[in-house]
Structure formats: C-alpha cells, structure tokens
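Colleague: Residues per chain, in single letters:
Protein chains: 2
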Amino acid sequence: MAETKIPYKIYLSEDDMPKAWYNLRADMKNKPAPLLNPGTGKPLTAEELSPIFCEELVAQELDDTTAYIEIPEEIRNFYKMFRPSPLVRAYCLEEKLGTPAKIYYKFEGNNTSGSHKLNSAIAQAYYAKKQGLKGVTTETGAGQWGTALSMACSYFGLDCKVYMVKVSYEQKPFRREVMRTYGASVVPSPSETTEVGKKILAEFPGTTGSLGCAISEAVEVATKNPGYRYVLGSVLNQVLLHQSVIGLETKTALDKYGIKPDIIIGCAGGGSNLGGLIAPFMGEKLRGEADYRIIAVEPASCPSFTRGTFAYDFCDTGMICPLAKMYTLGSSFIPSANHAGGLRFHGMSSTLSQLYHDGYMEATSVEQTSVFEAAEMFARVEGILPAPESSHAIRAAIDEALKCKETGEEKTIVFGLTGTGYFDLVAYQKFNDGEMSDYIPTDEEIAASVAKLPKVGE
Amino acid sequence: MAETKIPYKIYLSEDDMPKAWYNLRADMKNKPAPLLNPGTGKPLTAEELSPIFCEELVAQELDDTTAYIEIPEEIRNFYKMFRPSPLVRAYCLEEKLGTPAKIYYKFEGNNTSGSHKLNSAIAQAYYAKKQGLKGVTTETGAGQWGTALSMACSYFGLDCKVYMVKVSYEQKPFRREVMRTYGASVVPSPSETTEVGKKILAEFPGTTGSLGCAISEAVEVATKNPGYRYVLGSVLNQVLLHQSVIGLETKTALDKYGIKPDIIIGCAGGGSNLGGLIAPFMGEKLRGEADYRIIAVEPASCPSFTRGTFAYDFCDTGMICPLAKMYTLGSSFIPSANHAGGLRFHGMSSTLSQLYHDGYMEATSVEQTSVFEAAEMFARVEGILPAPESSHAIRAAIDEALKCKETGEEKTIVFGLTGTGYFDLVAYQKFNDGEMSDYIPTDEEIAASVAKLPKVGE
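Chains as they are written, first to last, in our numbering: chain A, 1 to 458; chain B, 1 to 458.
For the record, the hints were derived by calculation from the structure and aren't laboratory data.
Take the hints with a grain of salt, since some may be wrong.
Because identical chains share one entry, a pair is satisfied inside a single copy or across any pair of copies.
[To be verified] Below, computed lysine-lysine pairings styled on DSSO-like, alpha-carbon distance capped at 30 Å:
| no. | residue 1 | residue 2 |
| --- | --- | --- |
| 1 | Lys130 | Lys5 |
| 2 | Lys29 | Lys9 |
| 3 | Lys134 | Lys455 |
| 4 | Lys411 | Lys80 |
| 5 | Lys199 | Lys9 |
Treat the numbers as computed from the prediction; the structure is a model and nothing was measured.
Put together the whole structure using the sequences plus the hints.
Modeller: Next comes the structure, spelled out in structure tokens:
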C-alpha cells in the first residue's frame, strides 16, 4: 500500500533541477564516429565547423570526454518557465489496461512550442547570443523545432530566420503564425531568397519543397551573412547533450520515491528526445552500475534502426551537410506521408546508433494506425492529447504493459511523452474518419536508397 | 532579498488541493436574485429545474447558504490529472515592464481542453453519471467548453452531444476533431436533428447559426430524450462554485509564501473564471477580514458590466432559458466579431452582477488590438501563448503594473490566465498582419437591445 503514496504527478522543486547536462559519450567505450568532411572524407575540425555552428556548440559537438557540462544560469532561468516538467504516474492508463505494470511518463509538452525541442533551442540561442551573433537560421518541417527556436530567439533578442518546407507553410498556417508571433521571419522553401532556392525553383517550378532543400537554404543564409549561424534541432551530439535534462529530471524524480524502472521507452526520429531521456540510465548501464531495457520506437514507414544500415551518410537530402555514421535508410529515402513529421528522418543520431550497434538498446517499429489507437486511448484516460511522434512511445509502452498483464509481472515502465498534438488535428481527423492508412516500405525500396550511400569512411 | 526565494512556479502538493468548493453566496448579505420562470415570472423551483439539470446540480444552483460543499473523491482524482495548477511569478514580465509591482498568474491552460472549463465539466459529468443518466447535451461556440465536456464525459463513459455553432464547426475543424477524439458527437447547429433546428433552417436556409440557436437545440434534445440532461459552462451559480477551486488553490499558494495580493484581476465573459478566481478573496472581503481591489476585465466590444443594465434578462438569444438578474446588454445584443469568443456574451453571472452592484468589485473594458499587443508581449517573455480571453486580464494587469512604475508602488497583482491560444491562431494571424480592428458599440446600439429586456421581475 506504500504504492498509493506516489502522486499522480511528481514535480521536482526548482532547486532539484540539474545544474549540468550529462554527456553520455564520456561513458561510452566505443565513441560515436566523428563527422566527416564530405569533400575530403576526413573528420571535421572545430575550424571547419565554426562558420556553420557557433563556437561553444562546436566544442560541445566534439567533446566526447567531459561527463558533465555546466548549464549556464541564463539557460537555467529560462528552463524555469517550463521546467521541471512533471513525471506522471499513469494510474488511469494502468487501470484501463488492467495491467500490474506501473507506468510513468515524462511529459515535455507543457510549453508553447509543444515539445521537448525548447530544451535545446534555448541553449543554442544562448550560445549564439553570447558569441555576439545577430541571429540564427534553421529549417522546419512540421514546425515544432521552428516554434521552439522562435521562442528562444525572442527571449534573447536574436533574429530568427526559419525556412519552412513550402507544403507545411501552406498546410500548417497556425504553426507559422506562432513563429511569427514570436518575431521570427518564416520563409516558404524553396524561395527566391537564396541561390540554392532560385536554382531549385528554376528546375522544378511547381515544387512544394523538402526538408533537404530547406536545410540547404538555411545553411546558405547562415554562411553568407556575417553574424549568423545555422542551428539544428536533432541528430547532433550537442542536441542530445542539452536534452539530457529530460533524463536527469526523470531520474531525480524516480530516485525521490525509490523507483527503479525496468523498461525505458522513447520515440526516435533523429534521436533528440530518446537520447535525452535515456542519458543517465544509459550512463549507469555503460558503467555497469545498473541494467535497464531501453527501447527505441520508430514508425514502420521510416525504420532506420530496425531496417537501416550502419554506415556513413549525409544528414540531409541535399547532400551538403557533413557525413555522419549512423543507422540510415539512405539520404535519398523518401518516407511515406506518415503524420509523425518529427520521425520522418532517414537517419539517426550517431551516439544512439553506436549504442544500438553495441547492443545497449533495442528498437521496435510500429504502424501508424495502431499508434493513433494508442493515442486515442491515452487521450481519453490520461487527459492529454499526444503528438503523433510521442504516441509511438505510448504504443510501445501499452504493448509492454499488456505483456505484463499476461505474465503477471509488475514491471515499471517509463516512457517519454515528448509533446502535444494540437497542431496535428488533420491526422486525428483522418483517424476519426477511418481514413488513416499504413505504409511499410518494401525491401527493394530500402535497398535502392541504401545503394546510393556515399563511398567514404568505410 | 527574501523575494528571490519565491520560485517561478509555485506548485502545491496533491494533499494541498481543496477538498471542498467554496460557495461565495453563503457570505453575501445581498444574495444573487433567483432564476425566474419566463412564463410565470416566479422563482424557479427545484422541480422545475430538474428536467433540465441533474438533481445535485439543481441543489447546488439553489443553495446560497452552505459555505463549503465537499468535492467528491472521483472528481478530486480527475483533478489530479491537471491540478494543482501552477501559480506563476511573472519575473520576466516584471523585468520587461520595469515595474516594481510583483505579478503572479494562476495558469489554468495546462490541460487538453486548454482552459479552466474542465474544472466544472468534470463535476457536471460526475453528477450526471451518479444520477444514472445516459448522457448530456450542450452547445459550444469557440469550442473550449465543448472540448472540456467531451473529456469529462469520456472519462465517466457518458454520451456527449455537442451542438456547435455552424460557422465555428466549419471554421474551427480542429476543435471539432479534439471533441470527436474524446468520443463526443458534434453536430453543426442549426441542424435537422431537432424541431427548433428544422424550424430555423426552414426560415433561414443559409444561416451559419448562433449560440442562442445551439442552446435551444441542446436543451430540446436533453428534455426530449430520457436519460439526458443539459449542461452549461458558465454564468450559473453551480459553475462558479466548481471554479472556486482556482481561487482556493491560488490563496493556498500565496499563503504558503505569506503573500497578500493588492489587486486581483480576471477576464469576464459569463463569469466562470473570474468568479472562481476571486471566490475566497471575495469571501474575506465580504466577511470584513481583508480588503482587495478586484477587477473584472471585459472586451470593449461586449461591455456588460461597464455599459450594461442590471435587470432580469434571458440567458440565451433564443429566449427559451430561465431569466437571470444580471448586468446585461440585452439578449438581442449582437457583439462584433471579437476574437475572444468566450467573452462574447450579452450578460454576466448573477452572483458577480450582485457583487458589482454592491460595490465589492470594479470593472474595466479593453480594446481588442491592445489586448493582442499584451498577448504578444506576454507570449514572448513568459513563454506561454495566451488565449484571447485570458489576454484581457493580461492587458489590465500590465496596465496596473505600469501605474506602479509611475508611482513606485510595489503592489502585488494576481491575475487569472485561463487558457492557451493554440486554437486561436486565425486571430493571431490577423494581428500579425496588422489587420485587426476594434469595434465599440454605440450608445444607441446598446439602448436598442436593452429596450427589449423582458418586463418581468421588476
């Protein structure tokens, strides 16, 4: 009966918030492979990265030995606006499922960006401001990262240029307006504002754009305009570092009640949320201090871990960015129109890829319709309308809890609820109308794009 | 420097949550005037109200002597999903304004309904379930109340029929989809599903509906179908009672840090949020234990307190509902297309109207463009995108804080931040594009609708 003492929501005090990020790479024996210069095939140096990223972020990107990196006070103050985020005991979901499992979720959606992206956006904006830059550029597809970055830049008085994939710009006007409310300039991509944009428009006049094209435009603007740098919301080591605040808070909250999770589950697109959530737990695992089952959940339509290849590849479809060694479907892979925009990335964080390769974590893939079934059940019993991305983790958590129901095991499951679905109601509408479809790429499709992987770093 | 000990967000523990609602009317010497039967002009009895509202809610509606009414455990458990809500110290807003004032806001938007409406929706659904009813009907305009009720009904397994004003149904498909995700049936009003709907459609084939018409349809369905009752999200005494949870938590949080507010501010449409926020403070004032400035903020386009008449009037434009004594612009008053849908009501809660009439509170009106200026500033510094309704309170709080800047007074201001603006981005877009307009009704317009007030209860 001590069990009932655990509240629905475990809130930490502001004093309990982490004062340093945890750099998982410091505890990895096999470090993630370095980024390569696509021209030379050699590891990129700080000097080569500095025209693109601001200096402190380059240092964080390359540092794989320092375990704890202090969170500057300015960032900690901003975090206090929306952190500590609650760790919620899913009593109602447990009851609905009739499972003996104990389910917890770390909810990162209670901020206006609607997701965990703000954790890294504010850090990247802070370092840009500290370096005396005028502004930053980025790309956004679904818009969560662009929104988070707009909020962060507004706070520090930085200019923010967001290249938004044209089809999203037109179909998701509300996301665009949130960014504009935060003072960002939002440009539909491809645009006439860049050389690469003009070139693409000349070649494909009717194109509705792509993430790869938007990245190319954002990088061009950052490198051509003095006082600007480019920022990215996932995949990179620096982003996983900043997101470790999720896992550190989760661990502190669990420790407060003496709870040891058996299974930790996160959705995985580029890896920012998953890498952040699991960081301190994976650290214990790497140091041999504890063991956990750690599960990455990806969409069956874009299964980089479960069906991809561990190899060097471009991070963008435009093939202008550094090469990263990762599980990838090939940068030319075009995922189906899955509604979880944040998970439609062909590759995966190098750090997580190495850990998966070394057997420290599992991966599973789930189909879209079953994800929305889980989302609907969760919304109804837990009261939160989840983002499609987050709902992949919900699906996997429910499946694990149902296994416990069969076996009678009282496992403790923790999953990351990365965000809310207020801007994803077109997807919910399709589901409500019974018009949602599932698409799983064929082996041939994946083989075709994997065959185009660059021949470097082998 | 003791000041710095106050965290950004004051969270109560679940044990600190109120176990009883506070019934403000018990401490009022001049009780709010009773609801009248429009046919007889006499006070409505419990028997007359029971075919419309469920029994325990009728009892709460009529009870003006019991100060504390226990919150059933089932409701308290549901509250734990999204309560206690944070009382936030607006450090960043204070800094932006350069004011010596200390600003706090009680944030009710961190739940999927996006507003405080869930506090009463769950109570009303609970009593309906307890009475063994099959379901409830309601109307919704902007959709916040309909969303909250859908969530509450889903939790208790009640059928929920929402009549949504046709123009909103078509223009706000996302709100509709949230309700559907929670299992509600959402019908565009006027519809062919009711006699009154058919009649209106025959008379005005192209009509896009009105709240008055939607109320009529919802009431018809509730009274004609065994096992159904009608529920309402504002104005009524029972709703203010449930919303007292806002004020009780606010007071507990302030008391925890020994803070005594000087000014308490809330936006006012039908009065649900304002009545809930101020309840315990007004109680102290009524009992002569403390004094506070209490300010209701309404849109200049729909100024029931500041330019209305204190008289009996219909609560609906269809004139089928009971008569309530209140500050009203007349039930035939049609407010301009202000974007704060929740504040476009011609009247005001009888309880608040009586208190205002007796001089216990002030009222002020603000114009739409200045409201969105305040909303934008608030979003940028405090990180929360506010609902247009809530932004009326923000505007007034900023204005009071700026007065403190002039006088150097360190006043403590508390305001209610009722909800988020994720479904109001059409309004933000108009503001961002510089296309927002202000409209203030002329004296003649108000006089014309006031002249049509019913001649009863005088």
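Colleague: Which hint numbers does the structure go against, in order from smallest to largest?
Modeller: 2, 3, 5
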